[in-house]
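A.B. asks: Once you've looked at the hints, dock chain B against the given chain A.
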Amino acid sequence: ENTKIRVKPDHSGVVTDGVKHSMNPFCEIAVEEAVKLKEKKLIKEVVAVSCGPTQVTETIRTALAMGCDRGIHVEVSGKDYEAMGPLQISKIFAALAKKEEASLIILGKQAIDDDCNQTGQMTAALLDWPQGTFASEVTIDGEKVKVVREIDGGLETIKISMPAVLTADLRLNTPRYATLPNIMKAKKKKIANMKPADLGVDMVSRVEVLRVDEPPTRLAGVKVETVDDLVAKLRANGTI
Amino acid sequence: MCFSTESHLCAVQLSLAFGTMAYPLRSEVVRLYKNLLYLGQEYPKGAGYFRDRLKSAFLKNKDVKDPEMIKQMIARGEFVIKELEALYYLRKYRTMKKRYYEPEE
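Those protein sequence lines, which keep their order, are chains A and B. Quick note on numbering: the UniProt record's numbering labels position 2 of the first sequence as 2, and the sequence is numbered without any gaps. Quick note on numbering: the UniProt record's numbering labels position 101 of the second sequence as 101, and the sequence is numbered without any gaps.
Next comes chain A alone, as it looks inside the complex:
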């Protein structure tokens, strides 16, 4: 919230060098939910996964400090990283889910840098798994998951079979803070390293960013005292 975001001079994207990165807020909620399920002994193990350059290991360490058992860093850097989006990530997640024999994939509903809201849905589609998206409440009931979803106009409750993909919405839970003692304890936990090619995933993007611009500067509004003033002003600038 304190960093000013700037567009690159060549308009190819936003400046990310030197900008402090942290875990996507919706993903913090996802990690918290997974750790909670493990604390309730409803799941055996929580694996934290992140795709990106070396710096993402810091984010994985935060997840480990929150209570995940181990981490997987899928290394993506350079041009592949710049072009990486939900499609590539969901291919990676699908491959990992099969390899790790996962029963649940929990992620944030969307990333706050691209706001795509696609990764969870695409991952479920690639795996042909059911999905409980925009989850504000998750209950495991045997081999099924009850999910209360936030939708336009209210809440929807569904019951889906595992294995499944869940995406976390804001009200699902309150993520715990990764305190220093937990960060130190988490240093003992393992983070495996691999590349998309190791999972048989190609990172070719089907999307090309043509141009990135800052939003137009908003012109200052003008306040009027009466309806007559408003009408006069609208006439004066040719609106009516």
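FYI, nobody ran anything at the bench for these hints, they're computed from the structure. Careful, some of the hints might be misleading.
Think about it this way: if two alpha-carbon atoms lie no more than 25 angstroms apart in a straight line, the pair counts; the simulated DSS-like pairs of lysine-lysine are [as the list claims (entries may be wrong)]:
no.: 1; chain 1: B; residue 1: K60; chain 2: A; residue 2: K20
no.: 2; chain 1: B; residue 1: K34; chain 2: A; residue 2: K189
no.: 3; chain 1: A; residue 1: K36; chain 2: B; residue 2: K97
no.: 4; chain 1: A; residue 1: K4; chain 2: B; residue 2: K45
no.: 5; chain 1: B; residue 1: K92; chain 2: A; residue 2: K4
no.: 6; chain 1: A; residue 1: K40; chain 2: A; residue 2: K195
no.: 7; chain 1: A; residue 1: K20; chain 2: B; residue 2: K92
no.: 8; chain 1: B; residue 1: K97; chain 2: A; residue 2: K20
no.: 9; chain 1: A; residue 1: K187; chain 2: A; residue 2: K36
no.: 10; chain 1: A; residue 1: K185; chain 2: B; residue 2: K82
no.: 11; chain 1: B; residue 1: K82; chain 2: A; residue 2: K4
no.: 12; chain 1: B; residue 1: K45; chain 2: A; residue 2: K20
To give an idea of the chain B side of the interface with chain A (calculated C-beta under 7 angstroms), a few residues [as the list claims (entries may be wrong)]:
no.: 13; residue: Y33
no.: 14; residue: N35
no.: 15; residue: E42
no.: 16; residue: M96
no.: 17; residue: K98
Label pairs and their calculated CB-CB ranges [stated by the list, open to error]:
no.: 18; chain 1: A; residue 1: K185; chain 2: B; residue 2: K60; range: 30 to 38 angstroms
no.: 19; chain 1: A; residue 1: E101; chain 2: B; residue 2: Y88; range: 47 to 55 angstroms
no.: 20; chain 1: B; residue 1: Y49; chain 2: A; residue 2: L155; range: 41 to 49 angstroms
no.: 21; chain 1: A; residue 1: E214; chain 2: B; residue 2: K65; range: 44 to 52 angstroms
no.: 22; chain 1: A; residue 1: E156; chain 2: B; residue 2: G48; range: 41 to 49 angstroms
no.: 23; chain 1: B; residue 1: Y49; chain 2: A; residue 2: K41; range: 39 to 47 angstroms
no.: 24; chain 1: B; residue 1: Y89; chain 2: A; residue 2: K190; range: 25 to 33 angstroms
Values in this document were obtained by computation on a predicted structure and should not be read as measured data. Glycine is no exception: its CB is placed at the ideal position from the N, C-alpha and C atoms.
C.D. replies: Okay, now just chain B, sitting in the frame of chain A:
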């Protein structure tokens, strides 16, 4: 902020603030200081602002010897930790709510 640099600064500040003399509950006090210092990195008014006030708060009480008093102060410090965690959570929650959700009627 690179953690190894922070550890080094932490070690320097700790030796200044706590000296090498043993006193009751020394390790608990040092642990509390380190935890607060780590949490202060995200303080809205800046890590430096937080660190200065943290240091003077601890230095102010450096001559306290009574274990009961020290325990009370440690408890107060742990309360501050909880308050900071709540502050950070609320700040993030409110930002997300404002950015992504319709204002409630």
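A.B. asks: All hints are to be evaluated individually against the structure, with a verdict given for each.
C.D. replies: Status of the hints after comparison with the structure:
1. For the given pair, K60/B sits about 34 angstroms from K20/A by alpha-carbon distance, which is inconsistent with the 25 angstroms threshold.
2. About 22 angstroms separates the Cα atoms of K34/B and K189/A, which keeps this hinted pair within 25 angstroms; it holds.
3. Taking the CA atoms of K36/A and K97/B, the gap is about 23 angstroms. The hint holds against a cut of 25 angstroms.
4. Between K4/A and K45/B, the direct Cα distance comes to roughly 16 angstroms. Compliance with the 25 angstroms bound is thereby established for this hinted pair.
5. Taking the CA atoms of K92/B and K4/A, the gap is about 17 angstroms. The hint holds against a cut of 25 angstroms.
6. Our distance criterion of 25 angstroms between C-alpha atoms is broken by K40/A and K195/A, whose separation comes to about 33 angstroms.
7. About 15 angstroms separates the Cα atoms of K20/A and K92/B, which keeps this hinted pair within 25 angstroms; it holds.
8. Using a Cα cut-off of 25 angstroms, the hinted pair K97/B and K20/A holds, with the two alpha carbons roughly 22 angstroms apart.
9. With a C-alpha separation of about 21 angstroms, the suggested pairing of K187/A with K36/A holds against the 25 angstroms cut-off.
10. Between K185/A and K82/B the CA atoms are separated by roughly 20 angstroms; this keeps the pair inside 25 angstroms, and the hint holds.
11. With a CA separation close to 29 angstroms, the supplied pair K82/B and K4/A exceeds the 25 angstroms bound.
12. Between K45/B and K20/A, the direct Cα distance comes to roughly 17 angstroms. Compliance with the 25 angstroms bound is thereby established for this hinted pair.
13. The beta carbon of Y33/B is not positioned within 7 angstroms of any beta carbon in chain A (closest approach about 11 angstroms), and the interface hint is therefore violated.
14. Taken as an interface hint, N35/B checks out: its beta carbon lies about 5 angstroms from the nearest beta carbon of chain A, inside 7 angstroms.
15. At a threshold of 7 angstroms, the smallest CB-CB gap from E42/B to chain A is about 9 angstroms, leaving the interface hint violated.
16. Below 7 angstroms, beta-carbon pairs count as interface contacts, and M96/B has one with chain A at about 5 angstroms; its hint therefore holds.
17. At about 11 angstroms, the closest approach between the beta carbon of K98/B and any beta carbon in chain A exceeds 7 angstroms, and the interface hint on this residue is violated.
18. Between K185/A and K60/B the C-beta distance comes to about 31 angstroms, which sits within the given range of 30 to 38 angstroms.
19. Between E101/A and Y88/B the Cβ separation comes to about 36 angstroms, which falls outside the hinted range of 47 to 55 angstroms.
20. For the hinted restraint 41 to 49 angstroms between Y49/B and L155/A, the CB-CB distance of approximately 42 angstroms keeps it satisfied.
21. Checking the proposed 44 to 52 angstroms range against E214/A and K65/B shows it is violated: the Cβ atoms sit about 59 angstroms from each other.
22. Checking the proposed 41 to 49 angstroms range against E156/A and G48/B shows it holds: the Cβ atoms sit about 48 angstroms from each other.
23. Against the hinted window of 39 to 47 angstroms, the Cβ-Cβ separation of Y49/B and K41/A comes to about 43 angstroms, which satisfies the hint.
24. Under the hint 25 to 33 angstroms, the C-beta atoms of Y89/B and K190/A, about 29 angstroms apart, fit the expected range.
In summary, the numbered hints that this structure violates are 1, 6, 11, 13, 15, 17, 19 and 21.
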